[in-house]
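Construct the entire structure; sequences and hints are all you get.
Chains as they are written, first to last, in this note's numbering: chain A, 1 to 203; chain B, 204 to 731.
Rather than coming from a laboratory, the hints here were simulated on the basis of the structure.
Just so we're clear, the structure is a prediction, and the values are computed from it rather than from any experiment.
Misleading hints may appear alongside valid ones.
[Said to hold, decoys possible] Simulated pairs of lysine to aspartate or glutamate, EDC-like, Cα-Cα distance not exceeding 20 Å:
1. Lys437/B / Glu54/A
2. Lys311/B / Glu715/B
3. Lys437/B / Glu125/A
4. Lys53/A / Glu110/A
5. Lys437/B / Glu50/A
6. Lys177/A / Asp11/A
7. Lys16/A / Glu26/A
8. Lys16/A / Asp174/A
9. Lys16/A / Asp306/B
10. Lys311/B / Asp11/A
11. Lys311/B / Glu179/A
12. Lys623/B / Glu692/B
13. Lys725/B / Glu387/B
14. Lys615/B / Glu719/B
15. Lys437/B / Glu47/A
16. Lys53/A / Glu125/A
17. Lys16/A / Glu179/A
18. Lys82/A / Asp11/A
19. Lys658/B / Glu646/B
20. Lys693/B / Glu619/B
21. Lys311/B / Glu110/A
22. Lys107/A / Glu54/A
23. Lys82/A / Glu179/A
24. Lys693/B / Glu618/B
So you can see what is in the structure, the chains are spelled out below.
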Amino acid sequence: MAELSHTEHRDYTGAKLGMWLFLFTEILLFGGMFLLYSIYRTVHTQEFHEAAKEMSLVLGAVNTVILLTSSMTMALSISAVKQGFRTRSLVYQAATVILGLVFLGNKFFEWRSHIQHGYYPNAPELLAMSHGKILYFGLYYVMTGIHGLHVLIGVGIICFTFILTLRGIISSADFIKLENTGLFWHLVDVIWIYLFPLFYLIT
Amino acid sequence: METSFYNTPGRFPGIFGWIFTTDHKRIGILYLISTLAFFFVGVSLGLTMRLELIRSGMHLYSAQTYNAIFTLHGVIMIFLFIIPGIPSSLGNFIMPLQIGARDVAFPKINILSWWLFIVGGAIAVTSLFTGGGPPDTGWTFYVPYSIRTGTNVSLAVFGVFLIGLSSTFTGMNFLTTIHRLRTEGMTWRRMSLFTWAIYATSWVQLLATPVIAITLLLIIIERFFGVGFFDPAKGGDPILFEHMFWIYSHPAVYIMILPAMGVVTDIIPVFARKNIFGYTAIAASSLAIAFVGYLVWGHHMFTSGMSDTARVIFSFLTFIVAVPSGIKVFNWIASLYKGSITMAAPLLYTMGFIFLFSIGGLTGLVQGALATNVHVHGTYFIVAHFHYVMFGGAAMGFFAGLHYWFPKMFGKMYEEHLAKLAWGFLFIGFNMLYFSMFVLGWEGMPRRYYDYLPKFNAPNLVSTIGSWILAMGLFIMFYNLIHSLFTGEKSGDNPWGGATLEWQTSSPPPTENFEESPVVTKGPYSYR
Chain A
1 MAELSHTEHR DYTGAKLGMW LFLFTEILLF GGMFLLYSIY RTVHTQEFHE
51 AAKEMSLVLG AVNTVILLTS SMTMALSISA VKQGFRTRSL VYQAATVILG
101 LVFLGNKFFE WRSHIQHGYY PNAPELLAMS HGKILYFGLY YVMTGIHGLH
151 VLIGVGIICF TFILTLRGII SSADFIKLEN TGLFWHLVDV IWIYLFPLFY
201 LIT
Chain B
204 METSFYNTPG RFPGIFGWIF TTDHKRIGIL YLISTLAFFF VGVSLGLTMR
254 LELIRSGMHL YSAQTYNAIF TLHGVIMIFL FIIPGIPSSL GNFIMPLQIG
304 ARDVAFPKIN ILSWWLFIVG GAIAVTSLFT GGGPPDTGWT FYVPYSIRTG
354 TNVSLAVFGV FLIGLSSTFT GMNFLTTIHR LRTEGMTWRR MSLFTWAIYA
404 TSWVQLLATP VIAITLLLII IERFFGVGFF DPAKGGDPIL FEHMFWIYSH
454 PAVYIMILPA MGVVTDIIPV FARKNIFGYT AIAASSLAIA FVGYLVWGHH
504 MFTSGMSDTA RVIFSFLTFI VAVPSGIKVF NWIASLYKGS ITMAAPLLYT
554 MGFIFLFSIG GLTGLVQGAL ATNVHVHGTY FIVAHFHYVM FGGAAMGFFA
604 GLHYWFPKMF GKMYEEHLAK LAWGFLFIGF NMLYFSMFVL GWEGMPRRYY
654 DYLPKFNAPN LVSTIGSWIL AMGLFIMFYN LIHSLFTGEK SGDNPWGGAT
704 LEWQTSSPPP TENFEESPVV TKGPYSYR
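Pasting the structure below:
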């Protein structure tokens, strides 16, 4: 378009494109860690299999359900705002934040339990174990840790979009910020969908 | 008379109108100043190294200090000068103009990229003065030493991480800009080849940088928590670190060279008054280099203990990746052939680029062949090779671009005789400094050593003297450019008679770039 307006330019497609490009970079960031996982699991298949028994399948499954539900509430918040239902969108955004925080709370308890058992990097109990087990727990903390950091960032961003929606800056006329936030949240969810079986279901 | 983008007040007064700007031209100037400032620090470190190496047995400072100096020289030159160099300064300023856009797709993310660059650079510099002192691991941060050393690796590496974020965001920004904001009539095949080069580079910045990001984070995590991914005592594999490091750092060298190739490809048609030879081949070869460049990283690791099968595959792919670069060199020469040549400074620096880059590229093949690699790995041959491609190549291309677009960015003309004099010093000094290193490396002098056997004295002396001549050339060149900022003659809008879109607006451009959005009806190099 050969238009030079002096108002801020709005390019819905461009904003989406930029967000998808950013998401590719996140996939590569986690990809480096999945690379480490795939190599070390190939070398220590049996030990990974046994180490995974230490995980609480219940807690992992509950967290998976929580995150999937939060993706649903996120998507609902976007369709609500598209149709002009501001309050409904706010409710769904708040629900997403709460679900994200519950996820993080569960992770806190999970980690604490493992740390109390002596399964943490450089712990004497862990170092006495097989290499495969040491690597498994190393990967567990690093991957779920960096993932958890992204959940926290996502929660923060949704709090921000909550305020923008409240003020009407995000509205049915311009909702790209919320859509892009939704894309980020879905990515965070998708990464967990891979983490869950790789750490909890390989027993 | 248009006011230029310098005069139009920003949202904030004074210096804040620059630090908080969202104008791609101002951001380009901000990057220009900051990357050149880091360049000078890097040059000083290099000169200091050459002083220590002037003769065998020289003891200007300790070995520990020497290790820190070459580490910093590498980190600063690579992450703070060459990688951001052309894309963030010239790319930011010129590319939107060349596609007829008003600005980039995400101006706020553009300035965020600069802030990340500055903060990351500041953190990296801080690592010199705190904790255990400056890192002494080499810019490659190989484990296990980078995990065990008491020097300030974590802080330095975190600074580099932030700089990497800057690079990633710039790549994302430029890709969206080129896809979405080309003006009416600007089809892909009417884009300038500099913009094509920036496009290919942006893909590499986007997709390769996250891998170094996670690698650097893992170094920090390893230093603090001892997780064990790269520690054999805990089941880890140090070679895996090398793989992860080079999976980014090889594509990174294409981030360094592709924009420089784009610069010279824009310059040649203007100074030969002739259309570029093989437009499609040059555009396609940029994409080919970017793609194949992801597949060759193992050639940095031939002596690391990888399997023979892996080494043969990487060697083969390394030979393949040289082909598109060769295609470009032939096309540049063919573009000059039977042209009406004006040997102004931009073209002179371009010729220097073609010559020096070719030497660097050909010696890369010596390194890519497995048998000869064993002989030259870890020697000064490698040091010579990468300085020929990165300094004689990328930096020389940067200097060519600085002279070519100087009138566009500043509305003034530099002094032509001084530019050529500087080039003479640069060319002679450069070859003395680095050709000696090919000889030294072939004769067996190892790299990253703070002292050497007396038999290596003569070429080392030549090399150090060359570094002084080179420094003289840099001084003359930058004196010329900076002095001309203040006293140079007004250049007029299009002193070179360029046909690309940036020359169809005033020099310097107004804030909105074009009075009216341009409509493009022909290619970028139509002179006849």
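Hint-by-hint comparison with the structure:
{"no.": "1", "hint": "Lys437/B / Glu54/A", "result": "holds (19 Å)"}
{"no.": "2", "hint": "Lys311/B / Glu715/B", "result": "holds (16 Å)"}
{"no.": "3", "hint": "Lys437/B / Glu125/A", "result": "holds (13 Å)"}
{"no.": "4", "hint": "Lys53/A / Glu110/A", "result": "holds (14 Å)"}
{"no.": "5", "hint": "Lys437/B / Glu50/A", "result": "holds (17 Å)"}
{"no.": "6", "hint": "Lys177/A / Asp11/A", "result": "holds (12 Å)"}
{"no.": "7", "hint": "Lys16/A / Glu26/A", "result": "holds (15 Å)"}
{"no.": "8", "hint": "Lys16/A / Asp174/A", "result": "holds (13 Å)"}
{"no.": "9", "hint": "Lys16/A / Asp306/B", "result": "holds (18 Å)"}
{"no.": "10", "hint": "Lys311/B / Asp11/A", "result": "holds (14 Å)"}
{"no.": "11", "hint": "Lys311/B / Glu179/A", "result": "holds (19 Å)"}
{"no.": "12", "hint": "Lys623/B / Glu692/B", "result": "holds (18 Å)"}
{"no.": "13", "hint": "Lys725/B / Glu387/B", "result": "holds (12 Å)"}
{"no.": "14", "hint": "Lys615/B / Glu719/B", "result": "violated (24 Å)"}
{"no.": "15", "hint": "Lys437/B / Glu47/A", "result": "holds (13 Å)"}
{"no.": "16", "hint": "Lys53/A / Glu125/A", "result": "holds (17 Å)"}
{"no.": "17", "hint": "Lys16/A / Glu179/A", "result": "holds (8 Å)"}
{"no.": "18", "hint": "Lys82/A / Asp11/A", "result": "holds (17 Å)"}
{"no.": "19", "hint": "Lys658/B / Glu646/B", "result": "holds (10 Å)"}
{"no.": "20", "hint": "Lys693/B / Glu619/B", "result": "holds (14 Å)"}
{"no.": "21", "hint": "Lys311/B / Glu110/A", "result": "violated (39 Å)"}
{"no.": "22", "hint": "Lys107/A / Glu54/A", "result": "holds (14 Å)"}
{"no.": "23", "hint": "Lys82/A / Glu179/A", "result": "holds (10 Å)"}
{"no.": "24", "hint": "Lys693/B / Glu618/B", "result": "holds (12 Å)"}
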